[in-house]
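Trainee: Sequence:
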Amino acid sequence: MTDQNLNNKIESLKICEDNVLSSNYEMIKTETTGENNHVGLITLNRPKALNALCNQLMDELADSLEKMDKDKSIGAIIYTNYGMLFSIGSEKAFAAGADIKEMAPKDFAHVFGSGFLENWSQVSKVRKPVIAAVNGHALGGGCELAMMCDIIYAGEKAMFGQPEIKIGTIPGAGGTQRLTRIVGKSLAMKMCLTGDPIDAKTALNAGLVAGVFPPDQLIAETIKLADKIASHSQLMVGMAKQAVNRAYESTLEEGLLFERRMFHTTFATDDRKEGMAAFMDKRAPKWKHS
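Position one of the sequence shown corresponds to residue 423 (my numbering), numbered consecutively onward.
By construction, these hints were calculated from the structure, which means they are not laboratory data.
All C-beta atoms, glycine included, are put in the ideal place defined by N, C-alpha and C.
There may be inaccurate statements among the hints.
As the list claims (entries may be wrong) - Below, computed lysine to aspartate or glutamate pairings styled on EDC-like, alpha-carbon distance capped at 16 Å:
(1) 547 / 572
(2) 650 / 572
(3) 708 / 692
Claimed, not checked - Computed beta-carbon distance windows for the label pairs:
(4) 632 / 587: 21 to 29 Å
(5) 458 / 668: 29 to 37 Å
(6) 700 / 671: 31 to 39 Å
Input sequences plus hints: build the corresponding full structure.
Mentor: So, in structure tokens, the structure goes:
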């Protein structure tokens with residue numbers, strides 16, 4: 423897909439609502455996009471609260487991700503704070519963290535007894551690749567939410583931080599665990615103990631994000647990435663995702679064994695046969711996703 427064709431696609435989405443998946447959500451918008459509408463796009467839409475992550479927003483996000491995960495026509499999922507179709511969301515904040523007004527009245531008995539924040543982990547359990555396109559600030563829960571994704575692309579003005587220490591608490595949805603595994607102990611300690619954020623360039627150098635782009639190009643670049651992923655066998659993409667995730671959840675020896683077993687498993691699939699046959703025939707593969 424050429425850049426001009428992609429730009430034309432984006433322009434057409436601005437005036438066409440045929441690709442909207444659902445209008446039942448209040449705090450997010452969902453649609454399909456990409457060259458063949460094989461990319462699901464979720465836009466956080468709580469701009470007055472800077473997309474603060476309240477229970478309702480997280481429930482809607484989990485529900486939409488579950489539906490897209492089951493949709494066989496969708497090969498990759500993006501969520502962002504900057505919408506193409508309605509120009510919704512807030513460019514100032516990808517997600518400014520958990521909703522403090524909602525969280526402040528809670529006590530220990532409530533948060534412990536109710537398993538507060540446990541439902542957030544549903545985001546990381548989606549089988550299909552999930553890409554975060556971060557424009558603006560991703561702070562606290564917003565940073566944790568982005569880290570639950572498989573890939574993060576950021577706008578040049580994006581900021582990432584875990585400022586919980588400044589309000590008398592600590593990260594509770596992966597800010598001490600995922601962040602440390604991604605950027606290393608020293609930088610994670612600095613971010614969590616001072617509450618100070620890092621900019622997009624620092625995040626790129628630390629391995630937190632995979633690419634940094636001008637804000638007005640971020641969505642287009644993210645769609646190009648998602649389109650490329652969606653063009654492959656969904657079955658193989660899912661296996662590759664599981665294998666990469668296992669790398670930071672197990673020892674090297676365990677990870678290598680898991681990878682080898684997954685590799686062996688591909689030889690029982692139609693798509694492995696088709697992929698190799700297409701390569702030898704010098705043609706494009708026709709995936710069956712089986």
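Trainee: Next step is simple, just say for each hint if it's right about the structure.
Mentor: Hints, verified against the model:
For the hint pairing residue 547 with residue 572, the CA-to-CA distance comes to about 11 Å; that is within 16 Å, so the pair holds. Under the criterion of a C-alpha separation no larger than 16 Å, the hint pairing residue 650 with residue 572 is consistent with the structure, at around 15 Å. Restraint check for residue 708 and residue 692: satisfied, since their Cα atoms lie roughly 10 Å apart, inside the 16 Å limit. Checked against the hint of 21 to 29 Å, the pair residue 632 and residue 587 passes, with Cβ atoms roughly 27 Å apart.
Restraint check, residue 458 to residue 668: a C-beta distance of roughly 30 Å satisfies the suggested window 29 to 37 Å. For residue 700 and residue 671, the Cβ-Cβ distance of about 33 Å falls inside the hinted range of 31 to 39 Å, so the restraint holds.
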